[in-house]
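Modelling step: build the complete structure from the supplied sequences, incorporating the hints.
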Amino acid sequence: MMRRHMRSHRTYQCDQCDYSTSHKDGMKRHLAVHTGEKPYYCGHCDFSAARKDGLFSHVRAVHSGDRPYKCTYCDYSTAQNAQLKNHVMAKHTNTRPHKCTLCDYSAVEKRGLKFHMATHTGEKPYKCELCPFATHQKQTLKQHVLTHSADKPYKCHVCDYSAVQKGALKRHMLKHTQPKIKVKKEPKKHSCPHCEYETISTTAMTKHIRTHTGEKPFKCQQCDYSASQKAQLQRHIRSKHTGERPYHCGHCDFSAARKDGLYVHIRTIHGGERAYQCQLCDYSAQQTGHLKEHVMAKHSNTRPHICTLCDFSSVSKKSLKQHMTTHTGEKPYSCELCSFSARQKGHLKLHMAKHTGEKPFKCEVCDYASASKSSLKSHMATHTNIKPYKCEVCDYSTISMPYLKKHMAVHALEKPFHCEYCDYSAARKVDLKRHMVKHTGDKPHRCELCDFSTARRGHLKRHMITHTGEKPYQCDVCGYASAEICSLKEHMTKHTGEKPYQCEECDYFTTKKRSLAMHMAKHTGEKPYMCEICGFKTGTQGTLRQHTATHTKPHKCDQCNYSAAQIAHLKRHKAKHAQDISSL
Numbered sequence: 024m025m026r027r028h029m030r031s032h033r034t035y036q037c038d039q040c041d042y043s044t045s046h047k048d049g050m051k052r053h054l055a056v057h058t059g060e061k062p063y064y065c066g067h068c069d070f071s072a073a074r075k076d077g078l079f080s081h082v083r084a085v086h087s088g089d090r091p092y093k094c095t096y097c098d099y100s101t102a103q104n105a106q107l108k109n110h111v112m113a114k115h116t117n118t119r120p121h122k123c124t125l126c127d128y129s130a131v132e133k134r135g136l137k138f139h140m141a142t143h144t145g146e147k148p149y150k151c152e153l154c155p156f157a158t159h160q161k162q163t164l165k166q167h168v169l170t171h172s173a174d175k176p177y178k179c180h181v182c183d184y185s186a187v188q189k190g191a192l193k194r195h196m197l198k199h200t201q202p203k204i205k206v207k208k209e210p211k212k213h214s215c216p217h218c219e220y221e222t223i224s225t226t227a228m229t230k231h232i233r234t235h236t237g238e239k240p241f242k243c244q245q246c247d248y249s250a251s252q253k254a255q256l257q258r259h260i261r262s263k264h265t266g267e268r269p270y271h272c273g274h275c276d277f278s279a280a281r282k283d284g285l286y287v288h289i290r291t292i293h294g295g296e297r298a299y300q301c302q303l304c305d306y307s308a309q310q311t312g313h314l315k316e317h318v319m320a321k322h323s324n325t326r327p328h329i330c331t332l333c334d335f336s337s338v339s340k341k342s343l344k345q346h347m348t349t350h351t352g353e354k355p356y357s358c359e360l361c362s363f364s365a366r367q368k369g370h371l372k373l374h375m376a377k378h379t380g381e382k383p384f385k386c387e388v389c390d391y392a393s394a395s396k397s398s399l400k401s402h403m404a405t406h407t408n409i410k411p412y413k414c415e416v417c418d419y420s421t422i423s424m425p426y427l428k429k430h431m432a433v434h435a436l437e438k439p440f441h442c443e444y445c446d447y448s449a450a451r452k453v454d455l456k457r458h459m460v461k462h463t464g465d466k467p468h469r470c471e472l473c474d475f476s477t478a479r480r481g482h483l484k485r486h487m488i489t490h491t492g493e494k495p496y497q498c499d500v501c502g503y504a505s506a507e508i509c510s511l512k513e514h515m516t517k518h519t520g521e522k523p524y525q526c527e528e529c530d531y532f533t534t535k536k537r538s539l540a541m542h543m544a545k546h547t548g549e550k551p552y553m554c555e556i557c558g559f560k561t562g563t564q565g566t567l568r569q570h571t572a573t574h575t576k577p578h579k580c581d582q583c584n585y586s587a588a589q590i591a592h593l594k595r596h597k598a599k600h601a602q603d604i605s606s607l
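At position 532 of the sequence shown the residue is numbered 555 (the numbering used here), and the sequence of numbers has no breaks.
Please keep in mind that the hints were generated in silico from the structure rather than gathered at the bench. There's no promise every hint is true.
[To be verified] Straight-line alpha carbon distances no greater than 27 angstroms define the calculated DSS-like cross-link-like pairs of lysine-lysine that follow: (1) 428 - 413; (2) 230 - 178; (3) 189 - 212; (4) 137 - 315; (5) 315 - 341; (6) 354 - 321; (7) 535 - 512; (8) 212 - 239; (9) 137 - 75.
In structure tokens form, the structure reads like this:
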């Protein structure tokens, strides 16, 4: 008797975790958690359990319909005593003993708290062997794996229906069974103390009140971000830290961090559906956000997002954010293979195609392929001859909005920005700012490799290419490459046949704005560009620049005192030095 009693003080310690017990049988049952062994099988279905009492509970709950554990406060009954305890704590006593140490969350069950902690740690130990899907719940993984197979284990005993998930079968069974008619009490309404908002949901009211108080109890453990809702924090962790994109498209390799992102992708790329129709014009969109932006921009002329540094305003916060990088010079998206960096993620994607050679957007009519969807769209117009962008002033039409904007500059006679030193006026404030450099002589942008300086940052960038020889802008159709994007755009007109610049006096069309300016001088006889040294006048700025070089001779020989107006002349001169050296 004493020996049996002493055994009750003996402790059995699990060698795989911190679990300990004074009962040998208890340790055996516990070890099944680590081994996954489930020796107790159900005679009615494929269910198996690690413990005998687990099998009894299953049979009673699923097959016998017996629910001996009844709630004394309401009509609830269950097959398991533990479930009844959880029900009473959650519904009647509002007791949630398991509390999160990182936020205000609390749970009735220890298991619920364990699942919740994964939202802070980002841990997802259960991984699918067939795709990148991972989750923090074993049951969720089981349900996910079923989507890869045709197996539907949950079968209806009344008809031929079968389902992947148990919940789907339960919903189906309601068609066969007569549901209980319950007289529902009038739900209690919760009123917001700050406004007229009302709801029957306690959770919804808690979330709503946070919009008044500014409370953000859900804090990210990896940065300073905090959110008013748990779902917002989860989206933040996925998009900023883990990079997880659990929602996969069934049509292509696309994946998204959010379910609504996947829905938008399918509707936009695969569905072709444009469900959101403008009530004021023929415009339709695939996303409600795009429709809102359209109405603000085209019909109400509302641009709520205003730049604090210039006159720019936008219908979307995203556009303003992109615009601000023009002031800060920030280019957060950097190429890992070269020194290229971009303000927008989309620009980096297009650039990466130059390294990979990937051109996923293919023409269905010919062999043309492109790295960007917009380039393919422009190309398709060469087959259809559809030019949807039409000028409201004349008969001009084009395949792209940028070409139409360039063309509209021909009609934009209004020039509200006037120079205070001369008769110059401009249609844009930025053009006047560039012009003012002629009066101030300010050239703040200097080359670190030579004496070159300029008034404009863009000119310095173009100059730097003379040192590096880099030509990052490449044609998708042929092997042409350029140091400047404007040169590439001009080159592309050779493939598209576009000539957006039209003379108002005759039928002349051209691909270049400066060519139109030179042509217009033939009609007007105007020569607005005058040399300050000799009084020479010309109709184009480029001609004046070439003429001024005959006075200044900026290209100097580094071996003698020779200087030239044109770099070609200097090259010929240097060749003479090379010949002299070779003859020695």
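Verification of the hints:
1. 428 - 413: holds, 10 angstroms
2. 230 - 178: This hinted pair is violated, its Cα atoms lying about 40 angstroms apart.
3. 189 - 212: The hint is violated at about 33 angstroms.
4. 137 - 315: violated, 42 angstroms
5. 315 - 341: Between residue 315 and residue 341 the Cα gap is close to 14 angstroms, so the pair holds against 27 angstroms.
6. 354 - 321: violated, 30 angstroms
7. 535 - 512: Distance ~10 angstroms between residue 535 and residue 512 Cα, so the pair holds.
8. 212 - 239: holds, 24 angstroms
9. 137 - 75: Judged against 27 angstroms, a Cα distance of about 25 angstroms means the pair holds.
This entry does not satisfy hints 2, 3, 4, 6, going by the numbered hints stated previously.
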